[in-house]
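J.: So you can see what is in the structure, the chains are spelled out below.
Protein chains: 2
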Amino acid sequence: MSRWQPNARGRLRQAAFELYGERGFDQTTVAQIAERAGLTERTFYRHFTDKREVVFSGEVHRVLVETVADAPASMTAIEAVTAALGAAGAVLDERRELTRRRQAVIAANPGLQEREQIKYATLADDLAEALRGRGVEPTPAHLAADAGVAVFRAAFERWIDEHEHRDFGRIVRDTLDELAEVISG
Amino acid sequence: MSRWQPNARGRLRQAAFELYGERGFDQTTVAQIAERAGLTERTFYRHFTDKREVVFSGEVHRVLVETVADAPASMTAIEAVTAALGAAGAVLDERRELTRRRQAVIAANPGLQEREQIKYATLADDLAEALRGRGVEPTPAHLAADAGVAVFRAAFERWIDEHEHRDFGRIVRDTLDELAEVISG
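Chain order of the listed sequences is V and A. So for the first sequence, the numbering used here puts the first residue at 1; every next one is plus one. So for the second sequence, the numbering used here puts the first residue at 1; every next one is plus one.
If you are wondering where the hints come from, they were derived from the structure by calculation, not from laboratory data. Just so it is clear, CB atoms sit at the ideal spot from N, CA and C, and this is done for glycine as well. One or more of the hints may lead you astray.
[What the hints assert, rightly or not] Where chain V lies over chain A, by a calculated footprint (3+ residues, C-beta under 8 Å):
| id | region |
| --- | --- |
| 1 | 14-28 |
| 2 | 72-79 |
| 3 | 117-125 |
| 4 | 148-160 |
[To be verified] Here are the simulated SDA-like pairs of lysine to any residue, each with C-alpha atoms no more than 25 Å apart in a straight line:
| id | chain 1 | residue 1 | chain 2 | residue 2 |
| --- | --- | --- | --- | --- |
| 5 | A | Lys51 | V | Pro110 |
| 6 | A | Lys119 | V | Glu114 |
| 7 | A | Lys119 | V | Glu157 |
| 8 | A | Lys119 | V | Gln103 |
| 9 | A | Lys119 | V | Val105 |
| 10 | A | Lys119 | A | His47 |
| 11 | A | Lys119 | V | Phe56 |
| 12 | V | Lys119 | A | Gln113 |
| 13 | A | Lys119 | V | His61 |
| 14 | A | Lys51 | A | Arg132 |
| 15 | V | Lys51 | V | Glu129 |
| 16 | V | Lys51 | A | Ile118 |
| 17 | A | Lys119 | V | Glu129 |
Build out the structure end to end from the sequences listed, making use of the hints.
T.: Shown next, in the form of structure tokens:
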């Protein structure tokens, strides 16, 4: 029924973030995103449920949760979480500029900021669930998951800075060391 | 203009949680809460902005943030956060039954659950800000704040269980030890 569009998803995402930056998220329509990408609205809806899903597509979330679930059984909870942060970093490092643009869009919109907080809470729950699936007890599972999200957020905050050139995995390792130091007081 | 009502706030809160439990949060009106408490709607609005604010009155939040801000300068970030968790625990231990009822209301309502996640995110930000005010650098401030909220949540989860009889401060200390263990792998 429709022709295959090479990298339609990537073109739609690129167009969406351009428009969110230029006009604001609330003022941008799906029709405008499709037009900017040179695609149809129907193609947009084949890739995303709505314009908010372009911002929260959940790819990093999936990588984090799957890596914890699939980590070797010999790994402790925090080792599995650390491996997951490294895997997520590989995804992020490939799209540093796009991710900076994305964060600027979220920072400009209180509704998106609330949504981002909810997404982080859901991520912590899903990571805890994945750890439970590895046989970790409920409290340590939640603590390791929350520690992982705390390290992710602090590392992300540094990584997104335009003066920061270390890769995500490196920043994660340094931040995890800092967390250990902070907790030991 | 109006007579002073002894413990109006407490009576309204008690009535609200009874009704939220009996009828559901969405189905309860402010008029019903006031009637159950034997007070007027006007009195309700002198104490709460709306029926959701009865659930999220922010008293524990205030105690946590103020205790961090006012902790002796000699305390490290995690010591100030631990002191705050102890102070919040004193408030919680006084209202264990009411808090159990409150959590059951939140658990039954997805909108309130989202609001609770946002409140925890705001708490983490406010604790980090209070630590920044003590001269703690941004990353350790966020890590100590996030660790504090993680410990609070895990301790709260245990404390709210009807078979749990330890006080909140005791559970916090045990949970903090567990977090240190989890992070050291």
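J.: Taking the hints in turn, state whether each one holds.
T.: Hints versus structure:
no.: 1; hint: 14-28; in the structure: violated (count 0)
no.: 2; hint: 72-79; in the structure: holds (count 4)
no.: 3; hint: 117-125; in the structure: holds (count 4)
no.: 4; hint: 148-160; in the structure: holds (count 7)
no.: 5; hint: A/Lys51 / V/Pro110; in the structure: holds, 23 Å
no.: 6; hint: A/Lys119 / V/Glu114; in the structure: holds, 10 Å
no.: 7; hint: A/Lys119 / V/Glu157; in the structure: holds, 21 Å
no.: 8; hint: A/Lys119 / V/Gln103; in the structure: holds, 21 Å
no.: 9; hint: A/Lys119 / V/Val105; in the structure: holds, 22 Å
no.: 10; hint: A/Lys119 / A/His47; in the structure: holds, 20 Å
no.: 11; hint: A/Lys119 / V/Phe56; in the structure: holds, 21 Å
no.: 12; hint: V/Lys119 / A/Gln113; in the structure: holds, 13 Å
no.: 13; hint: A/Lys119 / V/His61; in the structure: holds, 22 Å
no.: 14; hint: A/Lys51 / A/Arg132; in the structure: violated, 34 Å
no.: 15; hint: V/Lys51 / V/Glu129; in the structure: violated, 29 Å
no.: 16; hint: V/Lys51 / A/Ile118; in the structure: holds, 22 Å
no.: 17; hint: A/Lys119 / V/Glu129; in the structure: holds, 22 Å
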